[in-house]
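Two chains, two separate frames, one set of hints: put the complex together.
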Amino acid sequence: MAELLITKTKQKFTSFVSEIKEYFKIALRNLKMRSLRSWLTILGIVIGVFLIVSLLSLSEGIKTTITKQLKSLGGEMIFVMPGDISNPLSMFIGGTKLEKEDIEAIQKTSGVDKVVTLSYQSVVARYKEEGKTIFLGGFPLETGMEILKNYQGWSLAEGRWPAIGRKEVVVGQQVAKTIFAKKVQVGTDINLKGQKFKIVGILNSLGSKTDDSFIYMDMSLYQGLTGEKRGTAQQVLVRVEEGASTNNVAEKIKENLSRTRKRKAGTDTADFSVITSERMGDIAGNILAIIQLAIVAFASIAIIVGGIGITNTMFTSVRERTREIGIMKAIGAKNYTVLSIFLIEAGIIGFVGGIGGTLLGAILAKLVELYGQIHPLFYFSASVTPGLVFFGLFFSFFVGCISGFFPARKAAKMKPVEALRRYE
Amino acid sequence: MTEPVIQLRDVWKTYQMDKVELVALKGINLDINRGAFVAIMGPSGSGKSTLLNMIGCLDVPTKGKVFLDNKDISLLSEDELSRLRGKTIGFIFQEFNLLSHLTAIENVMLPMIFQGSPLQEREGKAKELLISVGLEKRIFHFPTELSGGERQRVAVARAFANDPEIVIADEPTGNLDSLTGKKIMEILTNFHKKEGKTIVVVTHDPNIAGYSKEIINIKDGEIIHNHKQTAEILWQNY
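Protein sequences, first through last, are from chains B and Z.
Under our numbering, think of the first position of the first sequence as 1, with each following residue one higher.
Under our numbering, think of the first position of the second sequence as 1001, with each following residue one higher.
Rather than coming from a laboratory, the hints here were simulated on the basis of the structure.
Keep in mind that a hint or two might mislead.
Only part of the chain B face toward chain Z is listed, based on derived beta-carbon distances under 7 Å [unchecked claim]:
1) MET33
2) ALA330
3) LYS334
As the structure is a computational prediction, the values presented were derived from the model and not from experiment.
No residue lacks a Cβ here, since even glycine has one placed at the ideal position from N, Cα and C.
The following block holds chain Z by itself, in its conformation from the complex (with noise of 0.2 Å):
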């Protein structure tokens, strides 16, 4: 059950800006358990969206180690971690990020033609999914033709679309109002709660935090505090 998804291993990041040097990642240890509910929390600037980047998978760390699936991914090639992200990792962002010219299902079928997945069955997923998050009547619209909950929830059917181990959510809420978010993170919580998907959502809502089993706090690019009892009696409470 706690077999761990990602690794984090006293990982580094530091951005060279010009001549100023920049840790955002100061020596992270973290481990995201198969079937987690996180929430990763802090202020802007933390390194928040670093470390999430790192669980993505999205960058490399300066220096340690990051295991998907216990792969080292530096060992990967572009194309090989591509496609184990693609497979494993699910992404939801804080702009929707669904592409323009594709409408609701296309998108939700994008991931699945990136892992050659057949017609078919990216068809048929991609409706079961889209009517799942509510939007059977939107499934041939173009994004520009929905309203913010509704790409979002786009973006949710996306990202569960290759059946990922994972979703990592930054922001979900974001740029929604707080019934849209609230309806959002709900939508989550199904999926975690029914296919038992590890979830993990970087906010600066408490609110939004208040929906998972753990929460992480993140300052100045350190773990400063695992707030996993509140979190619990928390999500009894849901």
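Isolated chain B (complex conformation) (with noise of 0.2 Å):
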């Protein structure tokens, strides 16, 4: 008894499949049909879905650049930089530095174990004749390293890392590889602010095109050069002692500081931004999660848009083929036999539309990777993961179905007779 079940369901589920299968080849059919149109109604969907795929995959891409960069960072440390974070204005006002009082607050701070201090500034350098714009860096050499090299993950290439006392100086990989024409070489010399300084080292890549392009140097060096007071910096480094907690360690530099400018500058006003690296990650991550979710809402007005478009291609489709409806009646098709044909149509319609719309997503992401390799400001990545390409596929397949539903479902309620006699 139970056997002779299961062979009939098993029966049922085969002519089920073949019957589908037919209903899908006469959907087919009706598409061709009416090529020019169905076409244009693939690309409404196309659009939609190019744009989530494009653009939720290269934000997906600057998210985890911007999470393996933070990670390299270490989660203990602290930065603390002049000017207010929280305004964007400050940072590009410039010009505030650390005073060495300052520095000095930070450093008596319970649970700091390490301060690297850290100034930049733009310089004219000569290699082998030619004259570039870039970024010379100095940092302690003695105390610094060794933080930079455990945590921040700093390596050599090539060469090795510079003396103390004499003048001697690493470059980031874009320095040696692309911003000279001629390639640079360990062990020449380059020109800065008319001084010679001789290379020793090429740096691994730091992770960022910024951080490559600039040339390193020991800070007592850097200020000589540069005429910065001794003492003072534009950043500061801070490594916090083993077991002390990071954010109540950055409460209290940020107390102490506020107490030394007080006294200096008389202002109360916080001209300074104390951020753990947790933080940076938090900032960063919601900013990010902020431009998805605008991404998403507005792909999905495209997508919405595509899908009326749909809805309207089908009734009109029911419209013109009324008769067809009212034959395919006639001869025995079930309501739900012509609700399915209608709804295989307008879920090809999507699911094409998903595929023309992820294909071209995911063109478009890795050809804006591409550019941001040749062109150098960014490490971009663009992350076309699996579950983009699943979800811009399903998604549109989703919205053909639904958007075809209802054109579907009036083309299934016809009343055979109706729908013989209409344009007799």
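Structure below.
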């Protein structure tokens, strides 16, 4: 008895599958019959899916790049920089520096293990008769090297680290490979602000194009060359003692700093920022999340418009094919048969649109990535994940079916006589 | 032998047109017996198309009952009726009503698809039918590539696809010249004679009616005369 039931169910299933296959064929033929209109409708979906896939894969790529960079900073770092980070304008004003007292105050804060001061400015560099404006960065070799190596992931691709007290520099990947017409070689000289320096090492990529476009030297050398006041810095990198809470230490640094700043400048405003690397990641993550939300919202509007296009096309199609529906019903088509055929048509429109949009979106994202590699600004990567591709295809198919539902139901509900009588 | 396939019992059909009520059928009682060849005749506006829709179970009466294979169709769901209609009744229309984007064989297979018969069975049967109506060279042609007579022959093949008990033809020769029309009628009578199919033809052409064994005249929604005897004489001559 049970066996009979199973074979019967099996038979039903195979006949169901073959039926759907036939409906699929019929639907495909119908679409081909109205090929221009079908393609135009598909185009509507292509644009929507294209927007979603390209923009999401790019923003996702930026997110991964940023997260990777932040991860390389290590979890227990605190950045202190002049200017209020919550006020983007102050970041561009520049000029403000952390004074000697400020740095001492940071150093004295309990929980602070090591402090690395950083300064930078653009200088004119001449390498083998070629002059370029380039970023010069200074950090204390003696105290800072270890932290940069261990927690910032600095490493050498070639050569050695500069020796203290000698006029030696290391250069980033961009400086070495792309900035000068001639490839920079270890052991050659470079002229900075009229003084000769020896290039002793080339760094491995530090993760961002900007950081890779620097020439780095010892802080005292830097301040001697640029005339920056000794003991000051533009940024301070703080390594927290093991076991100390990064956030607590950051709070304490803030307190101490505002005390010294107040004494000196007599202002109440916080003209410096203390950020933990964790918080930096949060800020970047939040901004990107908002951007992604906006992308999804706008692209969704495009897809909804595309979906309305499908509904419109299908309604027209139902109207045109009223007679055909009547014939099919007269010769034995059930309501769900007609419903299936029309739904499959709408689904195909959506799905084909999805394929086109996903493909174009992925291509655009990869092109932008390629452009970013050729014209260095930022290490751009487009992450066209399988999930995103699946989403693009499935979602567009789904939109097609939803958009086609009402026209299909209208077709299915037609009475055969009325459908046949129409246009007679 | 005389067991009815379709029975109409006191069938009324009224159409509501704005404020006027149009009575198309006025209490029709009719049995279509198994193996019969019936012609329904009447002037236009007499209600013959409405009657045909009733016999073909394409429409439901306002009052009265229609039995298809002894089943009251008003008790069937729409899908059940579709299935039963597809299995029991084949249709031939004046305008051929083929699906233009399907080839001849696909058009013939369509009713079988709706009944869920397997592919090989469908293909074999459809080919066989197309050959029997003399279209062996047109099997994979689209309707637009066929002449009117050929299209109607495809439609005839389609009507017989599911081995129906009854085939209903609505002015099957109305859009054809007399010679082609005659051929179509010959094919129909052939199916009737060889396979004993029940055939109902609606026509206003007495020549076509002459093929049938039984003539039903309808006027103003009522059956007015039964020309059975005359028809039988005609049939014997054929």
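Original post:
Per the CB criterion, is B/LYS334 less than 7 Å away from chain Z?
Top reply: Since the shortest Cβ distance to chain Z is 4 Å, the answer is holds.
**OP:** Have a go at the B/ALA330 hint: is there a Cβ in chain Z nearer than 7 Å to its own Cβ?
**Re:** With a closest approach of 5 Å, the B/ALA330 hint holds.
Original post:
Hey, does the B/MET33 contact hint survive, CB to chain Z under 7 Å?
Top reply: Holds - the Cβ of B/MET33 comes within 7 Å of chain Z, reaching about 5 Å at its closest.
Violated hints: none; the structure is consistent with every hint.
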